[in-house]
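Enquirer: Each chain is listed here by its residues.
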Amino acid sequence: MTTLTTPYRPQAKVTETTAENYLNVAYGVKSWLLTTDHKRIGLLYLMSVTVMFFVGGVAATLIRLNLLTPHGQLVTADTYNKLFSAHGIVMVFFFLVPVVPTVLGNFMLPLMIGARDLAFPRLNLASWYIYLVGAFLMLLVLFSGGVDTGWTFYTPFSSKASHTNVLPAVTAIVIAGFSSIFTGLNFVVTVHRLRAPGLTWFRLPLFVWSLYSTSIIMLLATPVLAMLFVLLAIERLWGVGIFDPALDGDPLLFQHLFWFYSHPAVYIMILPGMGIVSEILPCFSRKNIFGYQFIAFSSISIAVIGFLVWGHHMFVAGESVYAALVFSLLSYLVAVPSAIKVFNWTATLYKGSVSFQTPMLFALGFIGLFTIGGLTGLMLAALGLNIHVHDTYFIVAHFHFIMVGGMVMGYMAGLHYWWPKMTGKMYSEWWARLSALIIFVGFILTFMPQFILGYLGMPRRYHVYPAEFQVLNVLSTAGASILGVGYLLPFAYLIASLFGRTRSGPNPWAATGLEWQTPSPPPPQNFLVTPHVTCGPYEYALSSEGDHASS
Amino acid sequence: MGTQMPLFPEQASTAASKVDTLFLFLLALTGSVAIGVTVMIVFYTIRYRRRDDSLQPPRIMGSLRLESLWSAIPLVIFLGIFIWGAKLYYSMASAPENALEIYVVGKQWMWKIQHPEGQREINELHVPMGRPVKLTLTSEDVIHDFFVPAFRTKVDVLPGRYVHTWFQATQPGEYHLFCAQYCGTNHAGMIGKIVVQTPSDYQAWLNSHAEGSLALQGRKLFLKFQCVTCHSADSQARAPVLGKLYGRQVHLQDGSSVVADDQYIRESILKPEARIVAGWQPIMPTFQGQVTEEDILQLLAFIKALEPGQTPERTEEATAPTKNSLTP
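One line per chain: the protein sequences are R and L, in this order.
Read in the working numbering, the first sequence has 159 at position 159, and its numbers run on one by one without any break.
Read in the working numbering, the second sequence has 185 at position 185, and its numbers run on one by one without any break.
Just so you know, these hints were derived from the structure itself, not from any lab.
Be careful, since some hints might not be right.
Derived lysine-lysine pairs resembling DSSO-like cross-links, with alpha carbons at most 27 Å apart [as the list claims (entries may be wrong)]:
| # | chain 1 | residue 1 | chain 2 | residue 2 |
| --- | --- | --- | --- | --- |
| 1 | L | Lys112 | L | Lys193 |
| 2 | L | Lys87 | L | Lys134 |
| 3 | L | Lys244 | L | Lys271 |
| 4 | L | Lys224 | L | Lys244 |
| 5 | L | Lys87 | R | Lys160 |
| 6 | L | Lys271 | L | Lys87 |
| 7 | R | Lys160 | L | Lys112 |
| 8 | L | Lys18 | L | Lys107 |
| 9 | L | Lys224 | R | Lys160 |
To spell it out: a stretch of chain R is covered by chain L in this simulated footprint if at least three of its residues, at any positions, have a beta carbon under 8 Å from a beta carbon of chain L; those stretches are [claimed, not checked]:
| # | region |
| --- | --- |
| 10 | 56-64 |
| 11 | 74-83 |
| 12 | 246-259 |
| 13 | 290-296 |
| 14 | 325-337 |
| 15 | 386-399 |
Here chain L is said to cover these stretches of chain R; the calculated rule only asks that three of the stretch's residues, wherever they fall, bring their Cβ under 8 Å from a Cβ of chain L [claimed, not checked]:
| # | region |
| --- | --- |
| 16 | 340-347 |
| 17 | 362-372 |
| 18 | 375-381 |
| 19 | 489-503 |
Built from N, CA and C at the ideal position, the CB exists for glycine as well.
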């Protein structure tokens with residue numbers, strides 16, 4: 001048996017260019033479309049979610065361009081409404097929810113726990129096909145007239161007033177939802193059953209903890225969304241009164257069920273990002289993560305309490321004062337674990353040996369932007385203040401700080417961190433750092449003005465607006481153009497790296513995780529020898545001569 | 001207003017300064033935390049930047065004491081914010097007794113407003129300064145939202161039920177009214193203005209737009225729709241007499257009882273069979289589709305003001321019932 005040590009120590013040459021890996025083991029379209037290798041499926045997902053990201057991005061670009069002038073001269077009101085609906089639906093259901101679990105999670109989870117594959121490889125491939133069917137249907141909906149309900153589909157507007165493709169759109173979302181459910185199921189079983197010998201729960205990397213928490217939410221919450229949309233279809237098709245008051249229905253029932261999924265979905269979108277940051281900070285400061293157990297349990301408690309706060313989306317919607325009080329209180333409770341994470345990440349840097357490669361820059365950007373997003377969330381949960389800022393650009397700015405400033409930064413951090421593992425190639429560090437900087441600056445300039453706009457009272461989803469809001473809108477659009485450049489750059493230099501000659505080697509960051517103990521790109525069976533784990537995931541501070549890992 | 005760029009909204013109601021105080025406090029608090037975290041990160045990353053690749057940092061696993069501290073302190077602060085926000089919300093939840101009551105109906109894509117003295121407006125609302133104003137709102141179609149940034153008030157306007165909000169304006173002037181809940185094509189055009197006037201200007205405006213009180217208009221509908229045929233005060237009545245009904249406990253056929261409020265009366269007009277008063281037959285036809293939301297509000301105003309003995313005769317063409325000097 002070969003000794004596998006943590007931290008990594010250069011070992012026998014297993015990185016020969018001729019070595020068999022998951023990319024060169026088979027060629028041809030069929031070998032990709034029928035693969036059950038989690039690594040190949042991860043790449044298939046990478047390509048599909050990237051396409052969806054650009055579709056959502058184009059919609060965002062048109063929205064920002066239209067808002068350059070108060071009179072909305074670029075597109076008509078109906079087109080504008082379809083654009084923000086397309087942006088929200090595509091970005092939430094087809095990018096943010098699936099992106100980290102299906103791309104980085106799919107690829108890394110088995111590697112990080114020393115497994116050969118996920119528990120159900122064929123189900124994993126099926127999940128991708130199901131996602132694909134949902135995504136194609138959604139694109140069909142968008143290019144055959146679109147949908148104008150917003151991503152929230154509030155009734156009775158969606159059930160009786162909208163004359164657009166509401167049913168095809170929700171069908172697409174339900175289909176994509178099943179892909180989420182299967183992925184969640186696969187991950188939960190994998191984490192329970194396929195950990196390497198010695199890999200106890202409290203030796204799991206925190207990214208695995210966050211994927212595990214995310215998977216539980218996906219399993220429990222997504223079916224509610226599916227049921228909700230079935231009810232909506234029943235009302236729209238057959239006029240059965242469920243949500244429409246004219247038919248004795250209750251429009252608030254829709255909102256309750258919608259947010260019962262969509263609030264936990266916020267945590268589906270942010271928890272994996274938190275997990276990525278918890279991997280990267282120790283690696284680039286050569287330290288153990290500060291307070292491993294607090295961070296692991298904070299992921300779990302976010303997943304649990306996150307199910308009990310949906311009513312904070314409805315403070316002005318007509319829920320009772322009593323309900324508002326309860327949901328406000330619970331929302332403050334769910335903020336505590338997030339605060340713990342931020343403080344623990346900061347403390348991880350203390351007395352470290354900090355370097356500033358691209359993944360670290362993105363991770364530090366994540367902490368800054370997520371902190372602002374979280375702190376503005378504290379304002380929104382304050383009942384008396386929520387009344388004023390609800391449904392304004394203040395909300396828009398807040399959730400973009402969480403989902404774009406947080407999650408997309410986290411995803412970029414993870415993509416840059418694991419790119420060498422996935423491809424065996426190293427990208428241009430100079431261009432990558434530049435893009436991290438551009439994305440950070442562009443993001444701040446896009447969304448900071450929206451906080452001011454929101455407090456001034458500019459409502460969201462407005463195609464035209466009073467003239468006094470123009471300057472701030474122009475600033476925001478200017479920021480968005482910078483942000484757009486920042487997102488296009490990685491597309492270019494990451495693809496360029498594939499054709500470049502810079503090989504990354506198995507462990508370019510000298511990281512401790514199991515995924516770095518195998519060649520890059522990994523062999524089809526992931527590990528040449530089954531790893532045995534004898535210590536925690538972030539033992540950067542132990543001397544490389546330490547005896548904490550054994551055969 | 002104008003084209004210059006404001007950075008902070010006008011304060012034009014009694015609630016505005018309270019909301020702003022909480023906002024500015026939270027801005028200062030969260031701002032210091034954000035700056036604190038940023039300073040610490042920048043300081044640590046510079047102070048502990050990598051100088052020597054062979055340097056082995058100390059093995060620090062965490063600190064139960066520190067972590068408990070920075071779990072407990074935020075929790076206490078959060079609970080404090082919760083209490084402040086909840087108190088403010090509670091104080092903004094119910095209108096004072098003496099509030100002037102104005103009715104608002106939202107529809108795609110306009111606001112229709114009726115004053116108690118019968119004045120009607122579209123996309124404009126005139127209110128007196130210095131007096132609490134209670135709005136009763138409903139929607140004819142989808143969900144809208146009545147949002148006045150200068151007052152810091154906002155409420156979703158739902159079809160099929162009444163919601164309330166209130167404010168007390170403090171500054172004469174014109175303020176934005178926005179629909180804040182997405183409602184379809186012309187959502188961004190469902191805007192208007194709130195005109196706050198001094199009490200004397202407001203009275204002058206009322207006088208110049210008088211059309212007969214809302215209760216009187218409701219009385220005309222009461223006769224027009226033949227409600228009076230059954231809801232009459234004489235011995236041939238086939239339905240309960242409605243004098244002094246509003247706000248009273250009503251005993252129902254199934255043994256339960258209900259307070260005769262806006263919602264119950266509205267339901268009894270649209271779905272009479274839903275909750276029948278004890279001792280009467282379910283013979284009333286529905287008026288769904290015959291009366292508009294505005295008609296219902298007028299009927300409500302009439303029933304609210306109706307004192308015993310004022311129920312009109314079936315053939316009567318007299319003045320409206322009097323209460324609060326609402327008679328023309």
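Enquirer: All the hints need checking, so say for each whether the structure fits it.
Expert: Hint check results:
no. : hint                 : result
1   : L:Lys112 to L:Lys193 : holds (12 Å)
2   : L:Lys87 to L:Lys134  : holds (20 Å)
3   : L:Lys244 to L:Lys271 : holds (22 Å)
4   : L:Lys224 to L:Lys244 : holds (21 Å)
5   : L:Lys87 to R:Lys160  : violated (38 Å)
6   : L:Lys271 to L:Lys87  : violated (37 Å)
7   : R:Lys160 to L:Lys112 : holds (22 Å)
8   : L:Lys18 to L:Lys107  : violated (31 Å)
9   : L:Lys224 to R:Lys160 : violated (32 Å)
10  : 56-64                : violated (count 0)
11  : 74-83                : holds (count 3)
12  : 246-259              : holds (count 3)
13  : 290-296              : holds (count 5)
14  : 325-337              : holds (count 7)
15  : 386-399              : holds (count 6)
16  : 340-347              : holds (count 6)
17  : 362-372              : holds (count 5)
18  : 375-381              : holds (count 5)
19  : 489-503              : violated (count 0)
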